[in-house]
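Student: Each chain, written out:
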Amino acid sequence: MNRLTRIAYLAVVYLFFYFPIGVLIVYSFNNASYSLLWHGFTLNWYKELLSDTDLQSVAWHSLSVGILAATIATMLGTLTAVSLYRYRFKGKKLLHGMIFVMIVSPDIVMAISLLILFSTLKAPLGFWTLLLSHVTFCMPFVAVTVYSRIAGLDKNIFEAAKDLGASDFTILLRVIIPLLWPAILAGWLLSFTLSLDDVIISFFVTGPDFDILPLKIFSMVKLGVKPEINALCSVMFALTLLIVLIAQLVLRKKQ
Amino acid sequence: MSNNLIEIRGVSKHFPDHPVLHNINLEIRNGEFLTLLGPSGCGKTTLLRLISGFEEPSSGAIYLDGKDIAGIPPHQRHVNTVFQSYALFPHMDVFDNVAFGLRCKGIAKDEVEQRVHEVLRMVKLDTFLRRKPHQLSGGQQQRVAIARAVINKPLVLLLDEPLSSLDYRLRKTMQIELKQLQKQLGITFIFVTHDQEEALSMSDRVVVMHDGEIQQIGTPRQVYEEPDNLQVAKFIGEVNIFETKVLAADDKQLQVEIEGKLFTLKNRRKYKAEQTLYTLVRPEDLQVWSPSEVNDTETMFSAVVEEVIYKGCTVDLMLRLMSGKRLAATQFFNEDDEKLDFLLGEAVWVHWIPGWEVILPHEA
Amino acid sequence: MKHDKTFKFITIGIIWLWLAIFAVAPNGLVFLTSLLQQGDNELVRLQLTLNSYFDLFNTSYLKIFLHSLGLAGCCTLVCIIVGYPFAFIIARSTSRYKGFLLFLVIIPFWTSSLIRSYAIVAMLKTKGILNSLLLSLGLIDQPLHLLYSSTAVMIGLVYSLLPFMILPLYANIEKLDMRLIDAARDLGANKRTVLLKIILPLTWPGIIAGSMLVFLPAMSMFYIPDLLGGAKSVLLGNLIQNQFLTARNWPMGSAVSVMLTLLMGLMLMLYWHSTKRNKDAQDLL
Chain V
440 MNRLTRIAYL AVVYLFFYFP IGVLIVYSFN NASYSLLWHG FTLNWYKELL
490 SDTDLQSVAW HSLSVGILAA TIATMLGTLT AVSLYRYRFK GKKLLHGMIF
540 VMIVSPDIVM AISLLILFST LKAPLGFWTL LLSHVTFCMP FVAVTVYSRI
590 AGLDKNIFEA AKDLGASDFT ILLRVIIPLL WPAILAGWLL SFTLSLDDVI
640 ISFFVTGPDF DILPLKIFSM VKLGVKPEIN ALCSVMFALT LLIVLIAQLV
690 LRKKQ
Chain Z
3 MSNNLIEIRG VSKHFPDHPV LHNINLEIRN GEFLTLLGPS GCGKTTLLRL
53 ISGFEEPSSG AIYLDGKDIA GIPPHQRHVN TVFQSYALFP HMDVFDNVAF
103 GLRCKGIAKD EVEQRVHEVL RMVKLDTFLR RKPHQLSGGQ QQRVAIARAV
153 INKPLVLLLD EPLSSLDYRL RKTMQIELKQ LQKQLGITFI FVTHDQEEAL
203 SMSDRVVVMH DGEIQQIGTP RQVYEEPDNL QVAKFIGEVN IFETKVLAAD
253 DKQLQVEIEG KLFTLKNRRK YKAEQTLYTL VRPEDLQVWS PSEVNDTETM
303 FSAVVEEVIY KGCTVDLMLR LMSGKRLAAT QFFNEDDEKL DFLLGEAVWV
353 HWIPGWEVIL PHEA
Chain P
230 MKHDKTFKFI TIGIIWLWLA IFAVAPNGLV FLTSLLQQGD NELVRLQLTL
280 NSYFDLFNTS YLKIFLHSLG LAGCCTLVCI IVGYPFAFII ARSTSRYKGF
330 LLFLVIIPFW TSSLIRSYAI VAMLKTKGIL NSLLLSLGLI DQPLHLLYSS
380 TAVMIGLVYS LLPFMILPLY ANIEKLDMRL IDAARDLGAN KRTVLLKIIL
430 PLTWPGIIAG SMLVFLPAMS MFYIPDLLGG AKSVLLGNLI QNQFLTARNW
480 PMGSAVSVML TLLMGLMLML YWHSTKRNKD AQDLL
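Chains as they are written, first to last, in my numbering: chain V, 440 to 694; chain Z, 3 to 366; chain P, 230 to 514.
Do not rely on the hints blindly, as some may be mistaken.
Residues of chain V placed beyond 12 Å of chain Z at every Cβ, according to the derived structure [to be verified]:
#	residue
1	LEU449
2	LEU489
3	LEU534
4	LEU603
5	ARG613
6	VAL664
7	LEU678
8	VAL689
Below, a list of computed lysine-lysine pairs in the BS3-like style, where the Cα atoms sit at most 25 Å apart [what the hints assert, rightly or not]:
#	chain 1	residue 1	chain 2	residue 2
9	V	LYS529	P	LYS426
10	Z	LYS111	Z	LYS155
11	V	LYS532	V	LYS486
12	V	LYS531	P	LYS426
13	V	LYS594	P	LYS404
14	V	LYS594	P	LYS426
15	P	LYS237	V	LYS594
16	P	LYS426	V	LYS661
17	V	LYS531	P	LYS356
18	V	LYS594	Z	LYS107
19	P	LYS505	P	LYS426
20	Z	LYS107	P	LYS237
21	Z	LYS126	Z	LYS111
22	Z	LYS268	Z	LYS236
23	P	LYS356	V	LYS529
24	P	LYS404	V	LYS529
25	V	LYS594	Z	LYS134
26	V	LYS532	P	LYS505
Calculated directly from the structure, the hints in this document are not laboratory data.
All C-beta atoms, glycine included, are put in the ideal place defined by N, C-alpha and C.
All chains should be modelled from the sequences, with the hints used to inform the complete structure.
Tutor: Here is the structure:
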């Protein structure tokens with residue numbers, strides 16, 4: 440392939456990626472409810488979003504679950520990565536394999552398995568079941584992100600710290616976390632977006648009293664294309680964009 | 003009271019899939035510079051890790067300062083390690099790296115400050131306090147690693163091939179610096195390397211290891227000039243090996259036949275007649291003459307020059323004897339003997355001064 | 230040190246406990262449920278049976294299964310065909326915008342696929358932008374009914390999952406030693422041979438990893454057919470969702486899920502087999 444064909448090929452695929460989203464964003468500013476024609480610029484749809492109290496509480500639900508789930512998943516995932524790298528223990532290979540399997544396993548399989556678990560335990564579906572499920576599906580992603588970074592470190596660094604009298608806890612606090620914070624932060628951000636975007640698992644494990652953004656969007660979308668949804672989706676897209684940007688900058692900085 | 007700082011008694015180590023050390027016995031004296039020398043995989047690094055406490059022996063015991071140190075974790079042994087490639091904490095500056103050990107012990111801030119400055123002055127890095135490791139040269143990183151290790155005032159400093167990542171010239175400089183530092187500190191250094199030149203030039207004593215066993219312990223001069231076995235002789239320096247048949251022997255002398263010639267050699271190790279031995283001669287102990295320079299060729303071999311390698315202060319020759327055997331000979335330039343420009347294919351006479359050879363028994 | 234042992238014990242203990250409760254036990258329960266019977270009053274009746282598995286071979290289920298398999302397979306194939314050259318061009322690019330080009334793929338990778346599916350709906354609907362574009366260009370006289378068809382579902386799946394093919398491929402191709410290609414060319418291989426004998430075998434683990442990340446979700450993302458396919462196009466995901474939430478037949482839903490898990494196991498075996506040959510590909514994910 441020559442240079443021009445290559446550029447053209449990339450351009451077509453990027454167009455495929457961004458054209459639909461671009462259209463969505465443009466129409467979220469269109470001053471008309473149903474028309475495809477451009478009726479002038481407006482921020483009305485965004486104002487409507489802001490005044491929708493129901494949506495506000497749903498957004499708050501999503502944010503709180505996202506922040507909590509990402510934080511717990513990051514702690515668990517980081518510990519997992521560190522243990523996999525530093526310790527010899529029984530079932531280490533199994534743990535490695537399980538993390539991998541959890542990443543590739545289809546969401547729906549995890550979703551119904553958790554639903555069955557919660558119904559066996561007679562746990563009421565809502566905030567807690569949602570939180571526990573989100574932690575569970577985010578954790579392997581953190582573990583993998585952090586592990587790929589920690590594996591690049593010189594193993595002697597930990598022995599040196601030990602030789603100088605550091606306990607495992609000190610090593611975690613003073614050596615591992617300061618060295619790996621970019622990966623840990625990236626893991627948190629990834630978890631947060633995963634939690635914020637998840638439809639399939641949340642669909643099964645949350646109850647009617649605890650609605651969250653992706654499910655709200657899902658039910659709105661089923662009713663058809665509307666400028667308010669365009670606006671909401673644009674906001675979500677902008678948020679994702681911001682998060683990816685931070686994650687990429689952070690990861691690149693310390694390479 | 004003995005002045006052995008470390009005593010290693012009958013230590014063996016095997017990992018699940020393979021043994022690495024067999025029955026190691028070794029005494030390390032207080033204040034000496036000891037080198038563990040051997041090819042990679044000979045177990046030298048494992049022996050070091052047993053002393054530092056990162057591994058525990060499968061059997062046998064290690065005594066440090068008279069006390070059995072089995073089960074004592076690395077940081078409670080008065081031993082510190084300078085790691086291969088240094089293992090400096092990349093996110094901390096020089097000061098924090100060096101202060102790390104003291105801070106782990108919870109030592110007061112003032113004292114930390116004072117001791118870090120002191121030790122950094124000693125390694126001449128007191129102006130680099132706030133540099134990060136990646137802003138330092140290889141030699142400077144090495145000095146930080148040493149400062150970080152000695153600040154805990156260990157009885158023994160373990161060095162795991164610390165010079166292997168430096169280039170040739172810097173390595174030479176660092177060898178001298180390390181040696182000076184050891185004298186200055188007055189503590190025992192145990193140095194691991196696979197570089198025989200490094201081992202010979204720095205150590206008080208060298209421990210030559212092969213396949214998980216100690217082959218020889220001695221001063222650099224001893225292991226080079228009087229190797230205990232072929233393994234040692236072959237690993238340290240180049241050597242020419244002659245098959246030797248003993249014709250007659252008494253307490254003092256041996257009558258032997260080498261390459262069809264008769265020699266009378268000193269019998270240092272009580273060899274008997276009829277035994278088959280090896281006679282070892284270093285290339286620099288062989289002398290090479292043109293036919294015109296010699297009269298008595300009774301104890302000389304006739305050879306043909308096959309290769310001439312000019313090395314500046316020496317000329318290395320590769321010679322072939324009548325029997326087909328190849329010999330390496332190193333000739334030094336000196337004012338008496340200007341005839342060093344040998345030609346390929348030239349016929350020459352080779353011989354060594356009796357007494358410079360080493361005679362070893364045939365090994366099973 | 231004693232504290233270190235305790236620390237290690239607690240750390241590993243927490244991890245295993247979490248995974249045991251939220252990963253191992255739930256999957257065990259799914260398997261168990263698949264062996265039970267649908268209850269009349271309660272969700273399941275505690276009676277072991279293989280009925281759900283026998284029912285799977287019922288033609289209507291079999292049809293869904295094959296349809297879903299076909300759709301997911303096609304989607305994977307399209308993603309490979311589109312994604313491989315794409316990943317290759319970026320990975321081998323020497324442009325200083327390479328980082329930015331990659332970043333442009335990572336954004337859709339992180340963006341909610343629900344939002345992106347919605348964007349496709351907005352594109353494809355009868356009065357959507359695509360139809361009006363085609364109409365105004367005079368390519369068609371009447372708006373096409375693109376939405377609510379298998380084609381729409383296919384477009385939605387590819388749109389959602391293409392980044393999941395590109396990124397593992399990119400990681401794999403990036404690591405490919407270009408000197409091997411030079412060596413092959415030097416030894417007289419033509420472009421075709423280089424592609425078939427050097428590039429493809431070496432990037433095989435990337436292809437499998439990408440396929441896994443596309444194929445499995447493609448069978449289970451129930452909201453894409455919900456939004457784009459109407460009732461016509463049903464994936465395994467829809468079947469499971471339906472069995473759990475509408476038909477209330479949990480054993481049946483669990484059995485379908487077990488089949489999906491088996492399929493995943495099969496692909497994992499394929500992946501592990503492919504990485505055994507080139508070991509450095511193992512840390513793809």
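Student: Would you mind marking each hint as holding or not holding in the structure?
Tutor: Outcome of the hint check:
1. Chain Z leaves V:LEU449 outside its interface by the beta-carbon criterion, the shortest separation being 35 Å against a cut-off of 12 Å.
2. Against the 12 Å criterion, V:LEU489 stays outside the reach of chain Z, whose nearest CB is about 43 Å from its own CB.
3. No beta-carbon of chain Z comes within 12 Å of the beta-carbon of V:LEU534; the shortest separation is about 20 Å.
4. With a closest Cβ-Cβ approach of about 3 Å to chain Z, V:LEU603 is found to fall inside the 12 Å limit, against its non-interface label.
5. At roughly 8 Å, the least C-beta separation between V:ARG613 and chain Z is not larger than 12 Å, which violates its mark as non-interface.
6. No Cβ of chain Z approaches the Cβ of V:VAL664 within 12 Å, the least distance being about 50 Å, so the stated non-interface status holds.
7. Interface exclusion of V:LEU678 from chain Z stands, the closest Cβ pair being 30 Å apart, more than 12 Å.
8. Annotated as non-interface, V:VAL689 keeps its C-beta farther than 12 Å from every C-beta of chain Z; the closest such distance is 14 Å.
9. Proximity of V:LYS529 to P:LYS426 is assessed by CA-CA distance (about 40 Å); at most 25 Å being required, the pair is judged violated.
10. Between Z:LYS111 and Z:LYS155 the alpha-carbon distance is near 18 Å, which keeps this suggested pair within the 25 Å criterion.
11. A threshold of 25 Å between alpha carbons decides the hint, and for V:LYS532 with V:LYS486 the separation of about 53 Å lies outside it, so the pair is violated.
12. Of the pairs offered as hints, the one joining V:LYS531 and P:LYS426 is violated, with about 36 Å between alpha carbons and a cut-off of 25 Å exceeded.
13. Of the supplied pair hints, the one linking V:LYS594 and P:LYS404 holds, its CA atoms being roughly 23 Å apart against a limit of 25 Å.
14. Our distance criterion of 25 Å between C-alpha atoms is broken by V:LYS594 and P:LYS426, whose separation comes to about 37 Å.
15. Restraint check for P:LYS237 and V:LYS594: the C-alpha separation of about 17 Å stays at or below 25 Å, so the hint holds.
16. Annotation: proposed proximity of P:LYS426 to V:LYS661 is violated, straight-line Cα distance about 48 Å (limit 25 Å).
17. Annotation: proposed proximity of V:LYS531 to P:LYS356 is violated, straight-line Cα distance about 56 Å (limit 25 Å).
18. Simply put, V:LYS594 and Z:LYS107 have alpha-carbon atoms about 22 Å apart, close enough for the 25 Å limit, and the pair holds.
19. Taking the CA atoms of P:LYS505 and P:LYS426, the gap is near 18 Å; set against the 25 Å cutoff, the hint holds.
20. Simply put, Z:LYS107 and P:LYS237 have alpha-carbon atoms about 21 Å apart, close enough for the 25 Å limit, and the pair holds.
21. For the suggested pair Z:LYS126 and Z:LYS111, the alpha carbons sit about 22 Å apart, so the restraint of at most 25 Å is met.
22. The straight-line distance between the Cα atoms of Z:LYS268 and Z:LYS236 is roughly 22 Å, inside the 25 Å bound, and the hint therefore holds.
23. Distance check on the hinted pair: P:LYS356 and V:LYS529 sit about 60 Å apart at the alpha-carbon level, beyond 25 Å; violated.
24. Simply put, P:LYS404 and V:LYS529 have alpha-carbon atoms about 32 Å apart, too far for the 25 Å limit, and the pair is violated.
25. Annotation: proposed proximity of V:LYS594 to Z:LYS134 holds, straight-line Cα distance about 19 Å (limit 25 Å).
26. As the CA atoms of V:LYS532 and P:LYS505 are separated by approximately 15 Å, the hinted pair is consistent with the 25 Å bound.
Of the numbered hints listed earlier, those contradicted by the structure are 4, 5, 9, 11, 12, 14, 16, 17, 23 and 24.
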